[in-house]
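Final position of the sequence shown in full-length UniProt numbering is 467; the numbers increase by one with none missing.
No lab work stands behind these hints, which were simulated from the structure alone. It should be emphasised that the depicted structure is a prediction, and the values quoted were computed from it without experimental measurement. Wrong hints could be hidden among the right ones.
[Unchecked claim] Result set (DSS-like, lysine-lysine): computed pairs, CA atoms no more than 30 Å apart in a straight line:
{"id": "1", "residue 1": "Lys446", "residue 2": "Lys397"}
{"id": "2", "residue 1": "Lys422", "residue 2": "Lys397"}
{"id": "3", "residue 1": "Lys443", "residue 2": "Lys423"}
{"id": "4", "residue 1": "Lys340", "residue 2": "Lys373"}
{"id": "5", "residue 1": "Lys333", "residue 2": "Lys373"}
{"id": "6", "residue 1": "Lys417", "residue 2": "Lys373"}
{"id": "7", "residue 1": "Lys407", "residue 2": "Lys423"}
{"id": "8", "residue 1": "Lys407", "residue 2": "Lys422"}
{"id": "9", "residue 1": "Lys443", "residue 2": "Lys422"}
{"id": "10", "residue 1": "Lys422", "residue 2": "Lys373"}
{"id": "11", "residue 1": "Lys443", "residue 2": "Lys340"}
{"id": "12", "residue 1": "Lys407", "residue 2": "Lys373"}
{"id": "13", "residue 1": "Lys417", "residue 2": "Lys443"}
{"id": "14", "residue 1": "Lys397", "residue 2": "Lys423"}
{"id": "15", "residue 1": "Lys443", "residue 2": "Lys397"}
{"id": "16", "residue 1": "Lys446", "residue 2": "Lys422"}
{"id": "17", "residue 1": "Lys417", "residue 2": "Lys446"}
{"id": "18", "residue 1": "Lys397", "residue 2": "Lys417"}
{"id": "19", "residue 1": "Lys407", "residue 2": "Lys397"}
{"id": "20", "residue 1": "Lys407", "residue 2": "Lys443"}
{"id": "21", "residue 1": "Lys417", "residue 2": "Lys407"}
{"id": "22", "residue 1": "Lys397", "residue 2": "Lys373"}
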Amino acid sequence: MLYDTASTTKTWWRDPAVEFAAGSLGGFCAKFVEFPLDTVKVQLQTQAPRGGRGGSSLDAFHHIQSLVVREGPAVLYRGLPMPLVGTMVEMACLFATFGQVKSLLFGRRTEPLTTWEIASAGGVSGCFISFILTPIELIKCRMQVTTKARYKNTGDCIAQAFQCDGLRGFRTSIHRRDAQFPRFSTCGCVLVKGIVPTMWREIPGTASWFATYHVSLDYLRGDKADKKSDWDVIAAGALSGIAYNGAFYPADTVKSLVQTHPTHRRSMDVVKEVYALHGVGGFYRGFTPTVLRAIPANAVLFYTYEEFEVTTPPARHVSETPRQRQDRLREEKLSINQKKLADDLAACASKQKTEDAYKTLFVGRISYETTEKQLRRELERYGDIVNLRLVEDEDGKCRGYAFVEYKDEGAMKAAYKNADGKKIDGRRVVVDVERGRTVRDWKPRKLGGGIGDTRLGGADVNVKYSG
Numbered sequence: 001m002l003y004d005t006a007s008t009t010k011t012w013w014r015d016p017a018v019e020f021a022a023g024s025l026g027g028f029c030a031k032f033v034e035f036p037l038d039t040v041k042v043q044l045q046t047q048a049p050r051g052g053r054g055g056s057s058l059d060a061f062h063h064i065q066s067l068v069v070r071e072g073p074a075v076l077y078r079g080l081p082m083p084l085v086g087t088m089v090e091m092a093c094l095f096a097t098f099g100q101v102k103s104l105l106f107g108r109r110t111e112p113l114t115t116w117e118i119a120s121a122g123g124v125s126g127c128f129i130s131f132i133l134t135p136i137e138l139i140k141c142r143m144q145v146t147t148k149a150r151y152k153n154t155g156d157c158i159a160q161a162f163q164c165d166g167l168r169g170f171r172t173s174i175h176r177r178d179a180q181f182p183r184f185s186t187c188g189c190v191l192v193k194g195i196v197p198t199m200w201r202e203i204p205g206t207a208s209w210f211a212t213y214h215v216s217l218d219y220l221r222g223d224k225a226d227k228k229s230d231w232d233v234i235a236a237g238a239l240s241g242i243a244y245n246g247a248f249y250p251a252d253t254v255k256s257l258v259q260t261h262p263t264h265r266r267s268m269d270v271v272k273e274v275y276a277l278h279g280v281g282g283f284y285r286g287f288t289p290t291v292l293r294a295i296p297a298n299a300v301l302f303y304t305y306e307e308f309e310v311t312t313p314p315a316r317h318v319s320e321t322p323r324q325r326q327d328r329l330r331e332e333k334l335s336i337n338q339k340k341l342a343d344d345l346a347a348c349a350s351k352q353k354t355e356d357a358y359k360t361l362f363v364g365r366i367s368y369e370t371t372e373k374q375l376r377r378e379l380e381r382y383g384d385i386v387n388l389r390l391v392e393d394e395d396g397k398c399r400g401y402a403f404v405e406y407k408d409e410g411a412m413k414a415a416y417k418n419a420d421g422k423k424i425d426g427r428r429v430v431v432d433v434e435r436g437r438t439v440r441d442w443k444p445r446k447l448g449g450g451i452g453d454t455r456l457g458g459a460d461v462n463v464k465y466s467g
């Protein structure tokens with residue numbers, strides 16, 4: 001997302017990888033739209049104008065017609081592979097760099113940037129992108145202004161550029177008016193030929209490009225500050241393309257002349273020569289096709305870029321190795337078994353189970369008609385009862401025994417001593433400690449154990465033994 005003036009909480013920066021991918025896709029779509037008119041523009045820039053005039057719409061259309069008649073429609077796409085790849089790299093790097101420059105210069109603020117801040121970030125990004133764009137523009141321009149016979153393909157054009165000019169064939173002489181600075185020259189790779197006029201175009205051009213898009217989009221949204229329509233993005237992109245190409249078009253003309261000239265020429269020499277021969281109009285040759293291509297190309301570019309942001313990426317499918325599949329199945333089986341075990345334990349565990357076995361009294365031989373309320377009334381005289389569980393069958397009928405948990409152990413001992421043989425609801429009951437959880441190696445009656453003679457000696461002996 002380039003700008004989010006509607007929100008004060010959402011940051012206006014994105015991950016560099018997302019910026020790179022969105023810019024690359026936008027550049028790919030835009031280059032297909034603009035390339036035919038770009039070919040016409042470069043040829044008009046590098047040919048002498050008729051009658052000393054600058055570029056006009058009539059010249060552009062006549063040139064398109066003559067090119068198609070002479071060499072076929074494919075001529076309009078000659079040299080496309082290099083600029084197509086180059087534009088993808090250029091736009092990807094431009095948007096990614098623009099986002100990082102904003103982050104470095106202004107921090108990751110939540111409030112929107114001003115127009116001047118956006119323009120300054122765009123200018124810095126344009127300076128960086130000039131070094132990527134110059135070799136791409138060199139090959140593109142040479143492919144566009146030549147006939148079929150000179151270059152077989154883009155690779156042949158690159159090979160001939162190095163063969164004719166050499167790896168260090170680019171020389172620029174810089175004169176200093178001050179006598180203390182002597183004349184000197186710098187050498188560089190032939191593929192950076194035209195770097196100076198490229199910077200003349202890119203630094204202010206990129207600044208105005210981003211700033212115009214920002215201002216136009218804010219104006220078109222108006223009161224709809226919370227959202228932007230597709231047509232707002234398309235219109236703002238078209239206006240930014242006009243601002244980029246219209247304001248600094250002379251620098252683009254100088255760049256094309258420097259890069260397509262068979263010998264090495266300084267940028268200022270080209271400026272003086274064009275002005276002396278053709279005047280100001282000489283710098284605007286091919287201006288009409290440039291503006292015509294800028295409108296749809298930049299509209300498509302920004303629309304694709306913004307659409308990339310809101311598009312939900314497809315779900316990522318990760319294939320697993322045999323070892324990963326084996327581990328996954330084992331974990332799934334373990335999880336199922338653990339759940340089944342937990343369910344089985346929950347089914348077996350009693351929700352009415354007493355907490356403290358040493359404060360719990362077992363009461364047996366209870367009448368099947370006895371209720372919990374009756375049992376509580378009879379046994380509560382020995383102390384406060386915390387929990388009373390009258391065991392029932394699946395039909396809800398009493399099974400003849402119960403567990404009574406007292407508040408303190410003394411109350412349980414008193415009930416153990418005095419409640420045995422007590423008549424409750426017409427039947428004498430027996431009481432005992434909860435031996436299942438207090439007596440080591442105790443077994444129920446069905447397994448050969450039971451009460452037996454353990455009541456001999458009284459409650460104190462039994463509880464002491466149980467401990």
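Here is how each hint holds up against the structure:
For the hint pairing Lys446 with Lys397, the CA-to-CA distance comes to about 22 Å; that is within 30 Å, so the pair holds. For the given pair, Lys422 sits about 22 Å from Lys397 by alpha-carbon distance, which is consistent with the 30 Å threshold. Distance hint between Lys443 and Lys423 is fulfilled; the C-alpha atoms sit about 27 Å from each other, no more than 30 Å. For a cut-off of 30 Å, the pair hint linking Lys340 to Lys373 is broken: about 37 Å separates their Cα positions.
Restraint check: the Cα-Cα separation between Lys333 and Lys373 comes to about 47 Å, which exceeds 30 Å; the hinted pair is violated. For the suggested pair Lys417 and Lys373, the alpha carbons sit about 22 Å apart, so the restraint of at most 30 Å is met. At most 30 Å may separate the alpha-carbon atoms for a hinted pair to count; Lys407 and Lys423 meet this at roughly 23 Å. For the given pair, Lys407 sits about 21 Å from Lys422 by alpha-carbon distance, which is consistent with the 30 Å threshold.
A threshold of 30 Å between alpha carbons decides the hint, and for Lys443 with Lys422 the separation of about 25 Å falls inside it, so the pair holds. Of the pairs offered as hints, the one joining Lys422 and Lys373 holds, with about 16 Å between alpha carbons and a cut-off of 30 Å not exceeded. Under the criterion of a C-alpha separation no larger than 30 Å, the hint pairing Lys443 with Lys340 is consistent with the structure, at around 29 Å. As the CA atoms of Lys407 and Lys373 are separated by approximately 18 Å, the hinted pair is consistent with the 30 Å bound.
For the given pair, Lys417 sits about 23 Å from Lys443 by alpha-carbon distance, which is consistent with the 30 Å threshold. Under the criterion of a C-alpha separation no larger than 30 Å, the hint pairing Lys397 with Lys423 is consistent with the structure, at around 20 Å. This hinted pair checks out: Lys443 and Lys397 have alpha carbons roughly 26 Å apart, not beyond 30 Å. For the proposed pair Lys446 and Lys422, the alpha carbon gap of about 25 Å is at most 30 Å, so the pair holds.
Proximity of Lys417 to Lys446 is assessed by CA-CA distance (about 26 Å); at most 30 Å being required, the pair is judged to hold. The suggested pairing of Lys397 with Lys417 holds, with an alpha-carbon distance near 28 Å, which does not exceed 30 Å. Among the hinted pairs, Lys407 with Lys397 is consistent with the structure: their alpha-carbon atoms are about 27 Å apart, no more than 30 Å. A hinted pair counts as satisfied when its Cα atoms are at most 30 Å apart, and Lys407 with Lys443 qualifies at roughly 27 Å.
With a C-alpha separation of about 17 Å, the suggested pair Lys417 and Lys407 falls inside the 30 Å cut-off, and the hint holds. Restraint check for Lys397 and Lys373: the C-alpha separation of about 15 Å stays at or below 30 Å, so the hint holds.
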